[in-house]
Amino acid sequence: MTTVEAPRATERRQPVKPKPMQEYIEVFGNLPDEKQGRHFRYCPGCGLGIAQSAIVRAWDRIGLDPEKVVTVGGSGCYAVMGSYLTASQAHMGHGRACAMATAIKMSDPELTVITLQGDGDGMAIGAQHFVHAARRNIDITVVIFNNFVYGETGGQHGPTTPRTTMTQTSPYGMVENEFDIVNMALGAGAGYAARTTVFHAQHMVRAIEGAIRHKGFSVVEILQNCHELWGKRNGMPKATDMLAWYRDNSVTSAQAAKLEPEDVLGKFVIGTWTAPDRPEMSEEWQKLVARVQAGEVEPSKGASSKPPALQ
Amino acid sequence: MTTAEQAQSVIRTGNQAAAEGARLARVGVVCFFPIGPSDEVGEHLVEMVNRGQLDARVIDLENERSVINAQITATQSGVRSTFSTNSEGLVFAYQPLIWSPYARVPIVVGVAHRSLEPPTNIQTDDHDTIIFRDSHWIQFYCENAQEVLDTMIQAYWIAERHDIQLPVFVTWPGWEVSHAAMPIEVPSQEQVDEFLPPYELLPGRDLLTLDMEEFYSNASRSGGEGASYIEQRYAIDHTLNVVAKQAITEAHERYVEVVGRGYGGLIESYRTEDAEVILVGLANMATRGRQAADAMREQGKRVGVIKVRTLRPFPSEAIAEAVGDARVVMAFDRNPVHTLFHELRSALYSHPGRPAVLGRVVALAGRNFSSRDAEELVDEAFAAIEDPAAVDELSWRMETVAD
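First to last, the sequence lines map onto chains S and L. Using numbering that gives the first Met the number 0, you'd call the opening residue of the first sequence number 0 and step up by one each time. Using numbering that gives the first Met the number 0, you'd call the opening residue of the second sequence number 0 and step up by one each time.
By construction, these hints were calculated from the structure, which means they are not laboratory data. Please note that the accuracy of each hint is not assured.
Stated by the list, open to error - Have a look at the derived ranges for each label pair, beta carbon to beta carbon:
| hint | chain 1 | residue 1 | chain 2 | residue 2 | range |
| --- | --- | --- | --- | --- | --- |
| 1 | S | Tyr171 | L | Pro118 | 45 to 55 Å |
| 2 | S | Phe39 | L | Gly299 | 55 to 65 Å |
| 3 | L | Trp395 | S | Gly186 | 32 to 42 Å |
| 4 | L | Leu201 | S | Glu109 | 56 to 66 Å |
| 5 | S | Lys67 | L | Asp54 | 52 to 62 Å |
| 6 | L | Gln7 | S | Gln201 | 57 to 67 Å |
| 7 | S | Phe39 | L | Ser369 | 30 to 40 Å |
Unchecked claim - Beyond 10 Å from chain S on every Cβ pair, some chain L residues (computed):
| hint | residue |
| --- | --- |
| 8 | Ala69 |
| 9 | Tyr93 |
| 10 | Trp98 |
| 11 | Pro117 |
| 12 | His126 |
| 13 | Arg253 |
| 14 | Ile266 |
| 15 | Ala294 |
| 16 | Gln298 |
| 17 | Lys300 |
Glycine residues also receive a C-beta, built at the ideal position from the N, C-alpha and C atoms.
Construct all of the structure, not just a fragment, from the sequences and the given hints.
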């Protein structure tokens with residue numbers, strides 16, 4: 000069903016420009032006064048800073064107009080990220096981002112709609128919205144910051160906690176299995192899904208860029224270090240410990256394809272996966288409305304309708 | 000062995016006390032979904048399970064709605080369960096939370112209060128459970144860690160009684176109680192076992208050996224187009240407002256007998272006998288009231304305090320009795336819908352003395368509410384005795400003065 004794609008050659012020839020974060024934010028206009036001089040509320044060394052940097056770098060590469068970008072978020076450590084960006088942001092309850100993003104895209108298909116979600120937010124309490132947005136193939140991009148735990152509430156285990164690892168509520172090891180976010184997205188109908196880590200910063204930029212450029216539902220899972228709450232309980236108390244861990248335990252999808260399955264076990268397979276194009280929801284609605292108004296389609300004639308030819 | 004020898008003195012926060020209460024109640028299922036400031040309760044219970052101090056299964060689900068459904072199912076299967084959440088978590092679980100009283104499922108849910116969003120806030124006020132006032136839940140509001148522990152144990156006894164079978168909220172202020180440590184007495188397991196028998200299902204209500212003909216809790220199936228709907232609702236309302244009131248008083252008396260500690264049952268009165276002004280509050284709003292009452296009495300002003308322990312059933316009769324000949328009753332409402340004010344007006348409408356009832360919205364989202372603030376409000380209450388028209392019936396305290 001899915002195909003594995005190696006990074007394209009053109010991408011390799013265009014390394015990400017090493018601009019400072021502030022400059023990328025200024026690409027989108029001046030910060031409002033109340034945000035001037037504000038420091039980031041992430042823990043020191045938190046991977047969210049790298050991820051935020053990658054997001055705006057991806058925007059810069061595409062050349063997005065900040066007036067036409069909306070980020071949507073819920074609850075979690077990442078929830079402040081939207082307020083650091085000069086694009087519009089929408090904020091609602093825990094896990095609701097995909098539902099809200101669907102409505103925003105439907106009401107104005109011209110907008111670039113990006114949800115910023117944690118793994119607890121997107122994969123637990125918001126999982127139903129995630130899979131249904133994928134099924135509808137609504138043209139939004141979901142960015143999941145996967146730090147393996149509920150970070151904001153103190154590091155409890157969640158649906159992405161790797162089995163056997165330690166958390167606040169699994170001090171002797173997690174007994175449940177974790178979600179594979181990429182496969183879950185593709186299985187639910189996403190056309191584009193990527194996995195990357197905060198160590199692989201340039202890959203992350205390209206993964207996000209590809210997701211935003213993709214017409215239809217797209218997902219980027221960013222494995223993000225939470226050394227404070229997860230790393231400290233699993234022998235990696237420093238940010239650099241976790242970055243090195245991601246470096247040493249990741250293989251690209253191209254490498255993975257050449258390895259025996261047992262050699263891939265326990266590794267993070269990073270890369271981009273795509274599925275054949277399916278109709279996109281906001282566009283299909285616009286087309287249907289136009290055809291109904293032009294008198295090209297008629298409503299059901301009940302029992303005398305022709306049996307459908309399923310597509 | 001005396002009661003004092005059996006019990007154990009320890010330092011505990013409100014959240015830890017709630018976990019101790021659930022442990023002593025021998026819960027068989029610990030449910031968990033994180034939300035501050037409630038999540039510590041579950042964390043302590045998970046730790047107790049891991050260490051073998053509690054024989055229970057931990058059920059960690061993907062959101063609060065799933066958790067409440069799991070609690071309902073566990074309880075319908077004959078297993079006592081526990082879960083603590085608040086604000087956004089409660090609102091998210093609205094559907095199964097409303098289901099439980101009307102399906103007569105006696106679950107107990109702990110709530111370390113947190114203000115409702117938006118705006119995003121992790122501070123504390125009562126609004127998150129106040130909004131469940133009209134859903135036939137029994138609601139306890141606790142003032143400190145000791146009361147949390149004792150009420151948690153009593154809650155199971157009340158909820159599970161075969162003539163009640165209604166769910167119970169046991170609540171305490173977030174941070175101020177949930178994370179504040181104090182010395183508490185933990186009763187022995189023998190004492191609690193003497194007070195609280197093992198949970199027993201009503202005959203014919205066992206989900207695992209379900210006979211749909213007998214199983215009336217599933218109203219949509221057995222009611223037959225709502226045939227028994229009004230009868231079921233009447234039974235529930237009568238149970239809450241008549242039977243449960245007696246049971247709460249009885250629970251208090253039995254607990255005092257077995258454990259040696261109590262909080263007055265439905266209400267706890269303080270210096271109300273000769274009071275002209277009576278302050279009424281839930282949980283630690285009563286603490287402020289008592290401090291103000293003591294200070295005012297030193298000035299010769301007769302002030303008393305009623306701590307309302309149960310918002311539902313609302314103890315109208317007990318309050319009317321405690322109010323006696325007081326001239327003014329003032330509610331300290333820690334919620335933006337001034338519920339206590341309205342409840343008191345309703346309860347005292349036919350009271351012979353017809354005291355003036357005033358409402359003051361205070362301490363929302365953890366806003367400071369000092370005993371000096373409370374004293375200034377008491378001055379307003381005394382002004383209302385002189386000239387009722389000169390004082391607002393309902394007002395919001397937003398500016399505060401330091402103690």
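Going through the hints against the structure:
Against the hinted window of 45 to 55 Å, the Cβ-Cβ separation of tyrosine 171(S) and proline 118(L) comes to about 39 Å, which falls outside the hint. At roughly 57 Å, the beta carbons of phenylalanine 39(S) and glycine 299(L) sit within the given window of 55 to 65 Å. Tryptophan 395(L) and glycine 186(S) have their C-beta atoms about 52 Å apart, which leaves the hinted 32 to 42 Å range violated. Checking the proposed 56 to 66 Å range against leucine 201(L) and glutamate 109(S) shows it holds: the Cβ atoms sit about 59 Å from each other.
At roughly 58 Å, the beta carbons of lysine 67(S) and aspartate 54(L) sit within the given window of 52 to 62 Å. Checked against the hint of 57 to 67 Å, the pair glutamine 7(L) and glutamine 201(S) passes, with Cβ atoms roughly 59 Å apart. Here the CB-CB span from phenylalanine 39(S) to serine 369(L) is close to 35 Å, well matched to the stated 30 to 40 Å. With a closest Cβ-Cβ approach of about 14 Å to chain S, alanine 69(L) is found to remain outside the 10 Å limit, as its non-interface label requires.
Against chain S, the non-interface label of tyrosine 93(L) holds: every CB pair exceeds 10 Å, the least being about 12 Å. The non-interface label for tryptophan 98(L) is consistent with chain S: the shortest C-beta to C-beta separation is roughly 19 Å, beyond 10 Å. Distance check for proline 117(L) against chain S: the nearest CB is about 8 Å away, which does not clear 10 Å, and the non-interface claim fails. Listed as outside the interface, histidine 126(L) is consistent with that label: its C-beta sits roughly 15 Å from the nearest C-beta of chain S, beyond the 10 Å cut-off.
With a cut of 10 Å on Cβ distances, arginine 253(L) stays outside the contact zone with chain S, its closest approach being about 35 Å. At roughly 35 Å, the least C-beta separation between isoleucine 266(L) and chain S is larger than 10 Å, which holds for a residue marked as non-interface. Distance check for alanine 294(L) against chain S: the nearest CB is about 39 Å away, which clears 10 Å, and the non-interface claim stands. Taking the minimum C-beta to C-beta distance to chain S, about 46 Å, the non-interface status of glutamine 298(L) holds against the 10 Å cut.
Residue placement check: lysine 300(L) keeps its beta carbon more than 10 Å from all beta carbons of chain S (closest about 45 Å).
In summary, the numbered hints that this structure violates are 1, 3 and 11.
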